[in-house]
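Enquirer: Residue numbers (the numbering used here), protein chains in the order written: chain B, 1 to 266; chain H, 1 to 304.
Worth double-checking, as some hints may not be accurate.
Restricting the straight-line Cα-Cα distance to at most 20 Å, the calculated cross-link-like pairs of lysine to aspartate or glutamate (DMTMM-like) are [unchecked claim]:
(1) H:K80 to B:D265
(2) H:K112 to B:D3
(3) H:K109 to B:D265
(4) H:K140 to H:D172
(5) H:K143 to H:E160
(6) H:K139 to B:E186
(7) H:K143 to H:D100
(8) H:K24 to B:D3
(9) H:K37 to H:D135
(10) H:K37 to H:E204
(11) H:K143 to H:E204
(12) H:K112 to H:D78
(13) H:K178 to H:E84
(14) H:K294 to H:D189
(15) H:K294 to H:E169
(16) H:K80 to B:D3
(17) H:K87 to B:E186
(18) H:K139 to H:D189
(19) H:K140 to H:D121
(20) H:K112 to H:D135
(21) H:K87 to H:D189
(22) H:K139 to H:E84
(23) H:K140 to B:E186
(24) H:K37 to H:D100
Just so you know, these hints were derived from the structure itself, not from any lab.
All values derive from a computational prediction rather than experimental measurement.
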Amino acid sequence: MTDIQRMLCYKAWLETRSRFFTALVATVAVCAFWTLGHTWIDNQWQRDLIEHPEWKNPAWFLRAMDDYPFYLHHFVYAEMLQKIWVIFAVLLGIGGLTREAAQGTAGFTLSLPVSRLSVFRAHAVLALVELFALCLAAPLLIVVLSRVMHLDYPLGHGLSHSALIFFGGIVFLAASLCVTQFVEGEHTPALIGLGGVGLLYFVMQPYVDGLPVSGLAVPFALPKLMAGNPDIRGVADIDWWGMTASLMAATGFFALAVRRNQRHDY
Amino acid sequence: MARDLTMKMAYAIETDGLTKCYGKFEAVRGLTMRVPKGSITGFLGQNGAGKSTTIKMLLGMMRPTRGNARVLDLDVNDEKQSIEMRKRVAYVAEDKRLYDYMTVGQIIKFTKAFYPTWNDDVEQRLLDEFRLPLDRTTKKLSKGMRTQTALLLALARGAEFLILDEPTEGLDPVVTEKVLELIVGAAADGTTVFFSSHQISEVEQIADRILLIDRGQLVLDIPIDAVSQDYRRIRGVYDEPLPPPALELDGVRRVAVDGRVISVLASHNAARIAEHLRRHSAGGTIEVLPLTLKEIVLESLKRD
Numbered sequence: 001m002t003d004i005q006r007m008l009c010y011k012a013w014l015e016t017r018s019r020f021f022t023a024l025v026a027t028v029a030v031c032a033f034w035t036l037g038h039t040w041i042d043n044q045w046q047r048d049l050i051e052h053p054e055w056k057n058p059a060w061f062l063r064a065m066d067d068y069p070f071y072l073h074h075f076v077y078a079e080m081l082q083k084i085w086v087i088f089a090v091l092l093g094i095g096g097l098t099r100e101a102a103q104g105t106a107g108f109t110l111s112l113p114v115s116r117l118s119v120f121r122a123h124a125v126l127a128l129v130e131l132f133a134l135c136l137a138a139p140l141l142i143v144v145l146s147r148v149m150h151l152d153y154p155l156g157h158g159l160s161h162s163a164l165i166f167f168g169g170i171v172f173l174a175a176s177l178c179v180t181q182f183v184e185g186e187h188t189p190a191l192i193g194l195g196g197v198g199l200l201y202f203v204m205q206p207y208v209d210g211l212p213v214s215g216l217a218v219p220f221a222l223p224k225l226m227a228g229n230p231d232i233r234g235v236a237d238i239d240w241w242g243m244t245a246s247l248m249a250a251t252g253f254f255a256l257a258v259r260r261n262q263r264h265d266y
Numbered sequence: 001m002a003r004d005l006t007m008k009m010a011y012a013i014e015t016d017g018l019t020k021c022y023g024k025f026e027a028v029r030g031l032t033m034r035v036p037k038g039s040i041t042g043f044l045g046q047n048g049a050g051k052s053t054t055i056k057m058l059l060g061m062m063r064p065t066r067g068n069a070r071v072l073d074l075d076v077n078d079e080k081q082s083i084e085m086r087k088r089v090a091y092v093a094e095d096k097r098l099y100d101y102m103t104v105g106q107i108i109k110f111t112k113a114f115y116p117t118w119n120d121d122v123e124q125r126l127l128d129e130f131r132l133p134l135d136r137t138t139k140k141l142s143k144g145m146r147t148q149t150a151l152l153l154a155l156a157r158g159a160e161f162l163i164l165d166e167p168t169e170g171l172d173p174v175v176t177e178k179v180l181e182l183i184v185g186a187a188a189d190g191t192t193v194f195f196s197s198h199q200i201s202e203v204e205q206i207a208d209r210i211l212l213i214d215r216g217q218l219v220l221d222i223p224i225d226a227v228s229q230d231y232r233r234i235r236g237v238y239d240e241p242l243p244p245p246a247l248e249l250d251g252v253r254r255v256a257v258d259g260r261v262i263s264v265l266a267s268h269n270a271a272r273i274a275e276h277l278r279r280h281s282a283g284g285t286i287e288v289l290p291l292t293l294k295e296i297v298l299e300s301l302k303r304d
């Protein structure tokens, strides 16, 4: 890495570090809540079963009471951690020269003896590293906190699900990098990106939960793809078609963002 | 061939038919201009005349719709050459905005990494002179301090060409004077300076050449010495109203007739033009008057 590349990454880090630390705090909070709170939650469920036998329990309920990795998958990897990660994939992708133009600093950046592509690459690479760090932090934290609670949780299980979130969800970062190149304004790209995430998770997802993760359903079944099989044991349990489609879409967004970055007038 | 090369290298900026269109609107229209190396060139024009657009095209921030531009003999439309050029050019943008999330110290460290020619002595001298707080983020700096930081970042990189877009805009007179002194100091050290402004007085104070742009076109390109030495207003006051004279003489830039008064703006050749007016009608009084830069600029901006 040259001094110039290091400095571009340093700039990208200073620009995004508060977002990254916010994401880290949210990740720690979610992991801590569902691991440290497991005993209390489990006791509460036991009581509910006895005191309210008439309650209709969801399909996952009984298994989550008995199966700790499944419980974590259900509440953390398939739910809260995934949503936090996706939100911050969008937020960490926001930046670059179009946003700088709105902030009035694009002139300074573009006067430096460096290509537009280098500026874009530093921003994208740093966002990827930050998102990878978030993915890595979650299973490590869960393993440690589970030990504190005298619960067993296999690290491999956590790492597999983190990998699914990371590779399946890169498309959110790529889409965000793309939106931020096309949409002018300091906060508009973030609002559009988060609006898209909200639409996907809260409006469209309930309608497609039952669909297989392939073909046209992929864009709407990303949460399902990122959550993966709760009993994941190896590569055979990965939906490779869905994963390939998602990575191809991410590549397309990256390419579009680079093209725009090269041609745009600032 | 060798002479051609020397001629080419003598210019810091050369543009040829440079044009920038936004849809049907032409912000810059066929701009052809030369900025000699070693000069302080003032780039004048009203707001919206096309100054900033021209500068952005020169620095590769915008792509010209048509035409060519070379800065330090490097093609601005070629990305590799543009990067080479930016190693040797320092630019201070109009709004002087710097990264809000960096402190003064951080932005100096950041910028320094891009320039092997960075001059630590200049950095230290300007830090002492401006008393810039290294640990304060740039968003907490006053506009004057932000301009000073931007100038420090431009001057310490050891560039051979300084492009400044409205460097004194929004500054108080004391800081303005300091900034102008710095520009003159940089030029004295051999740096070519090209600065845009709509403040005629400060251009007159420090520039040795003036380019005036109006509605995207170059309307005036003169050395500052020509203002006092060559430019004249020749006014003829006659006994009765006269038709406009046929003044097809070298140096005549504008002829205005107002009743009994005929006024000619001449870029040179004032004596011959005055003689011509004298012969236009008997009984008139002919005056040859010096002009200020402001008068020349205002005359040049008058639309027929």
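Enquirer: Decide, hint by hint, whether the structure agrees.
Expert: Hints versus structure:
1. Of the supplied pair hints, the one linking H:K80 and B:D265 holds, its CA atoms being roughly 17 Å apart against a limit of 20 Å.
2. Pair hint H:K112 plus B:D3 holds up; C-alpha atoms about 10 Å apart against a cutoff of 20 Å.
3. Only pairs whose Cα atoms come within 20 Å are accepted, and H:K109 paired with B:D265 is rejected, the gap being roughly 28 Å.
4. A hinted pair counts as satisfied when its Cα atoms are at most 20 Å apart, and H:K140 with H:D172 qualifies at roughly 18 Å.
5. A hinted pair counts as satisfied when its Cα atoms are at most 20 Å apart, and H:K143 with H:E160 does not qualify at roughly 26 Å.
6. The suggested pairing of H:K139 with B:E186 holds, with an alpha-carbon distance near 16 Å, which does not exceed 20 Å.
7. At most 20 Å may separate the alpha-carbon atoms for a hinted pair to count; H:K143 and H:D100 meet this at roughly 13 Å.
8. Under the criterion of a C-alpha separation no larger than 20 Å, the hint pairing H:K24 with B:D3 is inconsistent with the structure, at around 43 Å.
9. Taking the CA atoms of H:K37 and H:D135, the gap is about 37 Å. The hint is violated against a cut of 20 Å.
10. Restraint check for H:K37 and H:E204: the C-alpha separation of about 19 Å stays at or below 20 Å, so the hint holds.
11. Only pairs whose Cα atoms come within 20 Å are accepted, and H:K143 paired with H:E204 is rejected, the gap being roughly 24 Å.
12. Distance hint between H:K112 and H:D78 is unfulfilled; the C-alpha atoms sit about 24 Å from each other, more than 20 Å.
13. A hinted pair counts as satisfied when its Cα atoms are at most 20 Å apart, and H:K178 with H:E84 does not qualify at roughly 30 Å.
14. Between H:K294 and H:D189, the direct Cα distance comes to roughly 29 Å. Violation of the 20 Å bound is thereby established for this hinted pair.
15. For a cut-off of 20 Å, the pair hint linking H:K294 to H:E169 stands: about 18 Å separates their Cα positions.
16. Proximity of H:K80 to B:D3 is assessed by CA-CA distance (about 19 Å); at most 20 Å being required, the pair is judged to hold.
17. The suggested pairing of H:K87 with B:E186 is violated, with an alpha-carbon distance near 29 Å, which exceeds 20 Å.
18. Of the pairs offered as hints, the one joining H:K139 and H:D189 is violated, with about 31 Å between alpha carbons and a cut-off of 20 Å exceeded.
19. Distance hint between H:K140 and H:D121 is unfulfilled; the C-alpha atoms sit about 26 Å from each other, more than 20 Å.
20. A threshold of 20 Å between alpha carbons decides the hint, and for H:K112 with H:D135 the separation of about 17 Å falls inside it, so the pair holds.
21. For the hint linking H:K87 to H:D189, the alpha-carbon distance of about 18 Å falls within 20 Å, and the restraint holds.
22. Proximity of H:K139 to H:E84 is assessed by CA-CA distance (about 30 Å); at most 20 Å being required, the pair is judged violated.
23. Of the pairs offered as hints, the one joining H:K140 and B:E186 holds, with about 19 Å between alpha carbons and a cut-off of 20 Å not exceeded.
24. At roughly 34 Å between alpha-carbon atoms, H:K37 and H:D100 are farther apart than 20 Å, so this suggested pair is violated.
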